[in-house]
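Kindly produce the complete structure, drawing on both the sequences and the hints.
If you want the building blocks of each chain, they are given just below.
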Amino acid sequence: MGRVKVKFFAHLRQAAGTNEADIEIREGETVEELIKTLTERFGAEFESRIKDPTTGAFAPFLIMVGREEISTVRGDLKHRLSDGDVVSLLEPVGGG
Amino acid sequence: MWTYGGYAGRILRLDMTNWKSSTTPLTKEMARLFLGGNGFGAKILYDEVKPGIDPLGPENKYVFAAGPIQGTMVPTAGRSGVFTKSPLTGYFFDAYGGGSFGPEMKYAGYDAIVVEGRSEKPAYVKVFDDNVEFKDASHIWGKSTYETQEILRKDLAEPKAQIACIGPAGERLVRFACTIWGARAAGRGGNGAVLGSKRFKAIVVRGTKDVEVPDVEEFLRVVSDQYNRIKANPGTGKALPTLGTPGVTTTNNQLGILGTRNWQSEVFEEVEKISGEAMRSRLVVRDKGCMACPIYCTKLTYVKTGPYAGTFDEGPEYETIFAFGSNCGVASLEMIARADRMSDELGVDTISAGAVISFAMECYEKGILSKQETDGLDLRFGNDAALIQLLEKIGRREGIGDLLAEGAARAAAKIGKGSELYAVTIKGLENAGHSPRGMKGYCLGMATGTRGGSHQDARPTAERIGKSDRKILEGKPEYAVGTQSATTIQDSMCVCRMTEGIYGLMEITNEHLNIVNVVTGMNLTLPELVDISDRIWNLERSFNCREGHRREHDVQAKRFMKEPIPEGPSKGMYMPPEELEMLKDKYYDLRGWDKKTGIPTKETLQRLGLTQQAKDLYK
Ligand code: SF4
Chain A
3 MGRVKVKFFA HLRQAAGTNE ADIEIREGET VEELIKTLTE RFGAEFESRI KDPTTGAFAP
63 FLIMVGREEI STVRGDLKHR LSDGDVVSLL EPVGGG
Chain B
14 MWTYGGYAGR ILRLDMTNWK SSTTPLTKEM ARLFLGGNGF GAKILYDEVK PGIDPLGPEN
74 KYVFAAGPIQ GTMVPTAGRS GVFTKSPLTG YFFDAYGGGS FGPEMKYAGY DAIVVEGRSE
134 KPAYVKVFDD NVEFKDASHI WGKSTYETQE ILRKDLAEPK AQIACIGPAG ERLVRFACTI
194 WGARAAGRGG NGAVLGSKRF KAIVVRGTKD VEVPDVEEFL RVVSDQYNRI KANPGTGKAL
254 PTLGTPGVTT TNNQLGILGT RNWQSEVFEE VEKISGEAMR SRLVVRDKGC MACPIYCTKL
314 TYVKTGPYAG TFDEGPEYET IFAFGSNCGV ASLEMIARAD RMSDELGVDT ISAGAVISFA
374 MECYEKGILS KQETDGLDLR FGNDAALIQL LEKIGRREGI GDLLAEGAAR AAAKIGKGSE
434 LYAVTIKGLE NAGHSPRGMK GYCLGMATGT RGGSHQDARP TAERIGKSDR KILEGKPEYA
494 VGTQSATTIQ DSMCVCRMTE GIYGLMEITN EHLNIVNVVT GMNLTLPELV DISDRIWNLE
554 RSFNCREGHR REHDVQAKRF MKEPIPEGPS KGMYMPPEEL EMLKDKYYDL RGWDKKTGIP
614 TKETLQRLGL TQQAKDLYK
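Chains A and B supply the protein sequences, listed in that same order.
Sequential numbering of the first sequence, starting at 3, is according to this note's numbering.
Sequential numbering of the second sequence, starting at 14, is according to this note's numbering.
The reader is advised that the hints may include incorrect statements.
Derived Cβ-Cβ restraints for the label pairs, each shown as a range [claimed, not checked]:
no., chain 1, residue 1, chain 2, residue 2, range
1, A, V75, B, G431, 19 to 29 Å
2, A, R43, B, E42, 57 to 67 Å
3, A, E29, B, E580, 30 to 40 Å
4, B, R234, A, E47, 24 to 34 Å
5, A, E34, B, P38, 31 to 41 Å
6, A, E47, B, G395, 30 to 40 Å
7, B, D415, A, T56, 53 to 63 Å
8, B, N527, A, V75, 16 to 26 Å
9, A, T56, B, D391, 48 to 58 Å
10, B, W15, A, H81, 54 to 64 Å
11, A, E34, B, V298, 36 to 46 Å
Rather than coming from a laboratory, the hints here were simulated on the basis of the structure.
Backbone N, C-alpha and C define an ideal beta-carbon position, used for all residues, glycine too.
Below is the structure:
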């Protein structure tokens, strides 16, 4: 058991209704499992902002655990979280 | 008569010296080999502009061009481009704007409009279908871009006309002056100064013709399929409609790649004050889309209180927030909105304007420019009031503004005293708001790009969102080629860069192909479309090489090759010259360019049918 701080960026803040949240994690919980917890907690609108609803695939974006960058399309989503980690969900977007 | 769908079939020529117009047919060969947009721009300029001429002289030409999709309902087909030899870089330069100028030009019956020569007195041109008239512009010379459009629209009683014009900055030959239509800018490279040098104040276009596609049913099927995918995609369906491009501000800062205080740092401690989120909650009054666009990424803003109260702006976009905000150390979104609006009215590129101001601020803080030399302005980073005053001076070339209107590289060459390090330019163009130090592939792609300090040749997106690891060198020559190829074809179609996640971030895909084929009926194969992209890219390169561009010019800004990012999550990252040279070797191989000179090899040019270029470059 432990806790991580999740920071949201850009339009994920609107969908989550907050800039950050403290989330409880199980021993050895992975990034992927944390995302599942977040989508359950923040609902369909939140999920539609990180996954394509027609394909169910993750939008490409970076999740930072501390300073480590984990790509949703290339990275290790099985990365195990530790108590006290700060997890940042960056903006999934093309253009700019 | 040949029959590809999408094209108007004619090119309009405006001889400003004699106030005469003529039309030439768009040949089938030109459409098939160069598609549109940058392809048309590069072809016309290579054939008609002699090497070595002054970009601000009468021999330079300026081309408005669209592609086959403009005027149809393909998503983001409101876009079109302008093309000229840049007074900043001295090379071929392309810039694009949304809105609906390009479609109107097509409805009037033209795929491109070429502006030539120099008028004796200020002029504007009225193009209503086949009727072309040159008119005296004395009454609007000196007016802002918004006033100009208002006056002309009222005078001509044509509310639906599209008007492209320059502001006071273009008239005064500010080297990064732009062209404005509506509130959209074909922003970069100084095209507005080229129009100013021709005393060409504006063009008013109204058309009543149709743009036709070969199979309407199939067209509707392909377009609605793309439309649905744009809506479902988290980037184009959610992120951009919610916050627009400013959404990326906090993401870049979190990665430690947000240019700050003239790139002395890449972390801005007050980023939350200038974020897309703050803009949405404090300033945004409405969302807006360009013609045929379902994304609606544009944000209309209004400042209600404080020293900038009363400012109404279309934007600012991310690039402008970076340029006048973090990179000048300013944490006021309200001032950024004001500076954005002023830039549009003066007719200057916000990225270069912000960059010359941040350059001057660093020179001032380091004691290279004294208060006397800045006309009494206290140019410390973060001084928003001084920034606004300086911007006005630059747009009007007053006092120190006259020097800075030359662009950061030329200003540094005049100032000396080591200021060259603070001119963060690539090929003479001020660096856009994405970090070459923090994204290796993007860094290489910029250095080898046609435009230099632009984020529109190679792209940062795939590295920023983790499709490619931004920190490693492996695969980066391929990344540079792939993203450049995708943008080159996008710019010949003139679709908006915001759709790159739909079309393909790192390569040309069937998505590009399907749209091109369903509009034109050319029945191209994917390799043929890739050849078109390569042909255009090599033609642009040939234009630049004919001007003397060589391998040694494919470099990054001095700061990015010398100084590692000093702090934050990307601390330590930079592009040492030897690393860049190694990447360039592989890049030239992939491109089929001579490693010693950086010129496309004879074989490459011949393979792409660029035989004249092969002759010119291998005399
Ligand atoms: S995505 Fe934005 S800039 Fe691009 S065409 Fe649509 S509204 Fe215009």
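So, going through the hints one by one against the coordinates:
1. A:V75 to B:G431: 19 to 29 Å: violated, 44 Å
2. A:R43 to B:E42: 57 to 67 Å: Roughly 60 Å apart at Cβ, these two residues keep to the hinted range, so it holds.
3. A:E29 to B:E580: 30 to 40 Å: This hint holds: roughly 34 Å between Cβ atoms.
4. B:R234 to A:E47: 24 to 34 Å: holds, 30 Å
5. A:E34 to B:P38: 31 to 41 Å: The hint (31 to 41 Å, Cβ to Cβ) is violated, given that E34 (chain A) and P38 (chain B) are roughly 58 Å apart.
6. A:E47 to B:G395: 30 to 40 Å: holds, 37 Å
7. B:D415 to A:T56: 53 to 63 Å: Cβ of D415 (chain B) to Cβ of T56 (chain A): about 55 Å, so the range 53 to 63 Å holds.
8. B:N527 to A:V75: 16 to 26 Å: holds, 23 Å
9. A:T56 to B:D391: 48 to 58 Å: holds, 55 Å
10. B:W15 to A:H81: 54 to 64 Å: holds, 57 Å
11. A:E34 to B:V298: 36 to 46 Å: holds, 40 Å
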